[in-house]
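J.: Sequence:
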Amino acid sequence: MPQTIASAVHHELIIKKSRFIACVQPMADRAGAQQVVAALRAQHPGAAHVCWALLAGGQSAAVDDGEPSGTAGRPMFDVLRHQDLDGVLATVVRYFGGVKLGAGGLVRAYTDSVAQALLGAPKIPIIKLRQLRCSAPYAMEGMLRRELDAAGATLDEVAHGDDVQFTFSLPASDADGIRARLGDVGHGRIVWPPDDDEPLPS
991 MPQTIASAVH HELIIKKSRF IACVQPMADR AGAQQVVAAL RAQHPGAAHV CWALLAGGQS
1051 AAVDDGEPSG TAGRPMFDVL RHQDLDGVLA TVVRYFGGVK LGAGGLVRAY TDSVAQALLG
1111 APKIPIIKLR QLRCSAPYAM EGMLRRELDA AGATLDEVAH GDDVQFTFSL PASDADGIRA
1171 RLGDVGHGRI VWPPDDDEPL PS
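Quick note: the sequence shown, position 138, residue 1128 per the working numbering, numbers continuous.
Any given hint could turn out to be false.
Said to hold, decoys possible - Simulated pairs of lysine to any residue, SDA-like, Cα-Cα distance not exceeding 20 Å:
id, residue 1, residue 2
1, Lys-1007, Tyr-1085
2, Lys-1113, Gln-993
3, Lys-1007, Lys-1118
4, Lys-1007, Gly-1110
5, Lys-1118, Gly-1087
6, Lys-1113, Ala-1037
7, Lys-1007, Gly-1048
8, Lys-1118, Gly-1056
Hint data in this document are derived by calculation from the structure and do not stem from the laboratory.
Modelling step: build the complete structure from the supplied sequences, incorporating the hints.
T.: Now the structure itself:
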């Protein structure tokens, strides 16, 4: 199951006089990541590089920021991917210490910086939600509300017309179960429109 992290975590490495200041934090999209990176550049004007990797659905990125191609952003990205994370940004600010590390040394340094930071990260599962819609006779409104509450569903909207229309959300893995349950207790009188199972954006 994909996970994200609850809050930002930091770690600093010093390798052959170079400082690698790592941060991994929750991040929803590329625009937010670019704002964080711009702020880091302003905070660390003497840094040689501000490298970063983003795993956020279709907005992922791996940026070397002047380090040899493939030695910074990609290794950082791979750490995030191997830990099955999503919605996270990893940044590493590097202050050059005067001793070149070579390509292999750089890959290890950027990998270790992010991996060490993640050791202290509080991880939380990403639960995909699904929104469902149904309608029921007025006489069943109270029962339906109780069933949805018991299932842990979030009631998004209730509309009263010829009947009562419910729009609610719950974990996608529970959608089939709640439909079967309401089919049983509603004795076939709960109606589901054909477009009732659009996945919600996570």
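J.: Please go over all the hints and tell whether each is borne out by the structure.
T.: Okay, the hints, checked on the actual structure:
1. Lys-1007 x Tyr-1085: Holds, at roughly 9 Å.
2. Lys-1113 x Gln-993: 6 Å, holds
3. Lys-1007 x Lys-1118: Distance ~44 Å between Lys-1007 and Lys-1118 Cα, so the pair is violated.
4. Lys-1007 x Gly-1110: At roughly 24 Å apart (the allowed maximum being 20 Å), Gly-1110 and Lys-1007 break the hint.
5. Lys-1118 x Gly-1087: Not satisfied, since the Cα-Cα distance of roughly 45 Å exceeds 20 Å.
6. Lys-1113 x Ala-1037: 30 Å, violated
7. Lys-1007 x Gly-1048: 37 Å, violated
8. Lys-1118 x Gly-1056: 37 Å, violated
This entry does not satisfy hints 3, 4, 5, 6, 7, 8, going by the numbered hints stated previously.
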